[in-house]
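A.B. asks: Dock chain B against the given chain U, drawing on the hints supplied.
These protein sequences, in sequence, are chains U and B. The letter at position 361 of the first sequence is residue 361 when you use the working numbering, and the numbering goes up by one with no holes. With the second sequence counted from 1, adding 1000 to any position gets you the working numbering.
Honestly, the hints are just simulated from the structure, not real lab data. Hints are not guaranteed to be accurate.
Straight-line Cα separation of at most 30 angstroms, DSS-like style, residue types lysine-lysine; simulated pairs [as the list claims (entries may be wrong)]: (1) 1250(B) / 47(U); (2) 1246(B) / 1154(B); (3) 357(U) / 1295(B); (4) 208(U) / 104(U); (5) 1118(B) / 1048(B); (6) 362(U) / 1295(B); (7) 1400(B) / 1096(B); (8) 1064(B) / 1048(B); (9) 1400(B) / 1094(B); (10) 47(U) / 1317(B); (11) 1317(B) / 1295(B); (12) 1246(B) / 47(U); (13) 1154(B) / 47(U); (14) 1208(B) / 104(U); (15) 1154(B) / 1317(B); (16) 47(U) / 1118(B); (17) 104(U) / 213(U); (18) 1118(B) / 1317(B).
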Amino acid sequence: MFQPAPPRFQDSPRPSGRPHWARFGWLTAACLLAACSSGDREARFEKRGPTFVGKPDSAVGPVSSSQRFDAQPQNPHGAGGAPHGGRPTVEAFVFDLPETWQRKERTSMRLLNFQIQEREDAYCFLSAMEGEQEMVLLNANRWRRQLGLPEWTQDDLQDVETGLLFGAPAMRVHWEGPFDDGMGGATIPEAGLVGLIAHHQSSLVFLKMVGPKEVVDAEVDHFDAFAASLDFPIAGQDSHPKHQLSFEAPEAWQVQAPRPGRDLGFDVGACDLSVTMLVGNGGGLLANVNRWRGQFSLPPIRANEINTLETFEAMGHSGHWLSLEGPYQGMGTQVLEEDGALEGAIVPLGDHTLFVKLVGPKEAVQNERDNLRVFTQSLHMEGHE
Amino acid sequence: MSAITNNAFVRWLGSYGLCVTILGGLFLLTALGTWAQAEEGLYAAQTKYFDSFFLTEHIPIFGKTLVVPLPGAVTLMALLAVNLFVGGFVRIRKNKRTFGVLVIHAGIGLLLLAGLVKREAANEGYVRLYEGEQATEYRSYHDWEVCVRELLPKPDQTGLVSGDEWFVDQVVFLGLEGDEVAMVRHPELPFDLHLRHFVPNARVHSEKSRDSSIYPVVDGYRVVPDPVDPEAERNFAALYAEVVAKGAPKDRRGRAGILAAMERYPFTVDQDGRLFAIELRKRRYSMPFTIEQVKFTMEEHPRTRIPSVYSSDILRKDLGAEEGDSVHISMNRPLREDGLVVFQSGYGPKDAPKGTPLFSIFAVVRNPSDRWPEYSCWVIAAGMLIAFGQRLVGYVNRQKRVLREEVTE
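Okay, chain U solo, but in the shape it has when bound:
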């Protein structure tokens, strides 16, 4: 690209002696000196107004070191520091961690995630989804397909080994085969899989260990001990402490046994009613409205459409009432109720947010709509009028 210099200069003698690079010795020395300089520093703060990214920064008053550090995530990668990280979560399980297992970051699907014997191809995780009893077989067959095993029928479930997961009876399997997760992940030529699948109320809980056969065989006892120790929630560190709620409910409604993540639960005929009180805004009104809409395959609404929702008062505060219809698929991808419906309320209470959600067959939900409104207005928690 350069234009050649005039020929007369090309004939000039080149300087002799040290190579040309040596002429830049001074530059090298200066840069090294600059790089090596260290020690105390003085600086001045720059000032700016309050910053605002996404949501305003939480402004919390003085807290103890224990509050600041004790619940920090074991592995920071999912703690909101990286752009792809999920929202920060608080530890919600207790368990005895086998010494050969290492805690890994949780994902949106894996509530607990472990690496085994420091091997990339051996892991165990806990996951959960909404689902009915029939989905136990579907998921068992998904695991069997991953191992290249023929699928089971309902009859095969009759003789299956059982165990306990979170205190609920669980199907326990121990299979072997060439493992391929079917999602482009690593394959294991000779793999072992030990798993528990529990169905409780309308939730499915999975605990699954996969790895090379010899590793899985050696870790079976650890797996069983871990499963036995797994509990929810953590006493004293409960991410969702139960609130003392009083209410007036129709006699036909059956109070459910305590369940994780709920303050109250009812079997309302063929429908399921949950009452949940979350600290703060529970993730935000818009996000929760759109989460519920997503469970019915409805498109999300925009922030400025929130005001179009029906207003509703409960516990002395104004909130919103939602009526949704469509194929209900809960938190999973399977449709649980083709002709489903939801009636519910989200009511911000200041420092808490109340969530009332009735889901089930459309006709049954609509029949209970008025009862649900009366029930929601009867809810009372100390400190909230």
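C.D. replies: Same frame as chain U, but now just chain B:
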């Protein structure tokens, strides 16, 4: 040509040989950097090879390690600029015939200048927004800041709200070791802040923890270093801070606290009746406008969870304004405004079940020289058109002359 430009050293500075050597060196750095990226991570490789004056390459040979010092890309680019200036502007014959070449060199010079301006003045980060959320700042992927926020009571006295902020960039505290201290102050703050012991990736554990650490215990806790992750944005730094009286010397003790990127709450101090939160967090940069996420759209390839297309509809609003302009941002259609480029770079949470609200991730780049490479390409194209056009016209004229002479004979 003056005696200075005829000087052998100046001739060497503007020579083809040096140019080719520099280009060869840049090729070598590109190869080494690309190779290292797999092992060391993108950010570390970029810093080592392309944002450095000098570096040392460790090459294993026959069971031993050979340490080879190399010039970094910054040094080579600076040399290339000097080479271009001396050879392409100073020593080149300047006449009508070389005008096109001079224009080409000007274009290359603009390209190098764009790189320099980007290195010195550009920054980048990201904004993560759920639908309905908005932002007036973006966060760096890997740079840190220590921020002091004043906490003020809400007007209705129901809690606290963040007020003004005072911050220092990481250049102030990176690499603090041993008893080195960074003393930071501001006239409006009722205290000085002494910073010590920067750890690039760390957790904070109780002193009763079995994890070993050389760092001091503060209020029953101490920093436990973790291996630095090659992917810089995965590191969670920690730092020791001490709140001291204004103008206090280095060895004056004050109220100490650990600042950790993964803490749940900031370190708070009550000084002269004012409440402040002090935290170590990712560097934040202001935008001259607000973006509000209106709608995020993602489509997957049939029967897979692999996204085929995703995009965002946003509102671009003036600061403090309620209304704004609708803008559609997709993979190759960023928003360019006021020196900022806002790209659609991703979404999350990963592997979210169907129906889960998704957030949109925007990469934001502030680069004053964003368009300069394009301009330089136009300048270079114009220069080439002139240079080769002159050659073509000259050739055609010569051919005409030859033909005329043949006809005359």
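A.B. asks: With reference to the structure, classify each hint as holding or not holding.
C.D. replies: Cross-check of the supplied hints:
1. Of the supplied pair hints, the one linking residue 1250(B) and residue 47(U) holds, its CA atoms being roughly 23 angstroms apart against a limit of 30 angstroms.
2. Of the pairs offered as hints, the one joining residue 1246(B) and residue 1154(B) holds, with about 28 angstroms between alpha carbons and a cut-off of 30 angstroms not exceeded.
3. Simply put, residue 357(U) and residue 1295(B) have alpha-carbon atoms about 25 angstroms apart, close enough for the 30 angstroms limit, and the pair holds.
4. This hinted pair checks out: residue 208(U) and residue 104(U) have alpha carbons roughly 15 angstroms apart, not beyond 30 angstroms.
5. The straight-line distance between the Cα atoms of residue 1118(B) and residue 1048(B) is roughly 17 angstroms, inside the 30 angstroms bound, and the hint therefore holds.
6. With a CA separation close to 29 angstroms, the supplied pair residue 362(U) and residue 1295(B) stays within the 30 angstroms bound.
7. For a cut-off of 30 angstroms, the pair hint linking residue 1400(B) to residue 1096(B) stands: about 21 angstroms separates their Cα positions.
8. Taking the CA atoms of residue 1064(B) and residue 1048(B), the gap is about 22 angstroms. The hint holds against a cut of 30 angstroms.
9. Between residue 1400(B) and residue 1094(B), the direct Cα distance comes to roughly 27 angstroms. Compliance with the 30 angstroms bound is thereby established for this hinted pair.
10. At roughly 24 angstroms between alpha-carbon atoms, residue 47(U) and residue 1317(B) fall within 30 angstroms of each other, so this suggested pair holds.
11. Distance hint between residue 1317(B) and residue 1295(B) is fulfilled; the C-alpha atoms sit about 15 angstroms from each other, no more than 30 angstroms.
12. For the given pair, residue 1246(B) sits about 17 angstroms from residue 47(U) by alpha-carbon distance, which is consistent with the 30 angstroms threshold.
13. Annotation: proposed proximity of residue 1154(B) to residue 47(U) holds, straight-line Cα distance about 21 angstroms (limit 30 angstroms).
14. Only pairs whose Cα atoms come within 30 angstroms are accepted, and residue 1208(B) paired with residue 104(U) is accepted, the gap being roughly 23 angstroms.
15. Taking the CA atoms of residue 1154(B) and residue 1317(B), the gap is about 26 angstroms. The hint holds against a cut of 30 angstroms.
16. Proposed proximity of residue 47(U) and residue 1118(B) is supported: the alpha carbons are some 24 angstroms apart, at most 30 angstroms.
17. Restraint check: the Cα-Cα separation between residue 104(U) and residue 213(U) comes to about 21 angstroms, which is no more than 30 angstroms; the hinted pair holds.
18. Simply put, residue 1118(B) and residue 1317(B) have alpha-carbon atoms about 26 angstroms apart, close enough for the 30 angstroms limit, and the pair holds.
Checked against the numbered hints listed earlier, the structure breaks none of them; every hint is satisfied.
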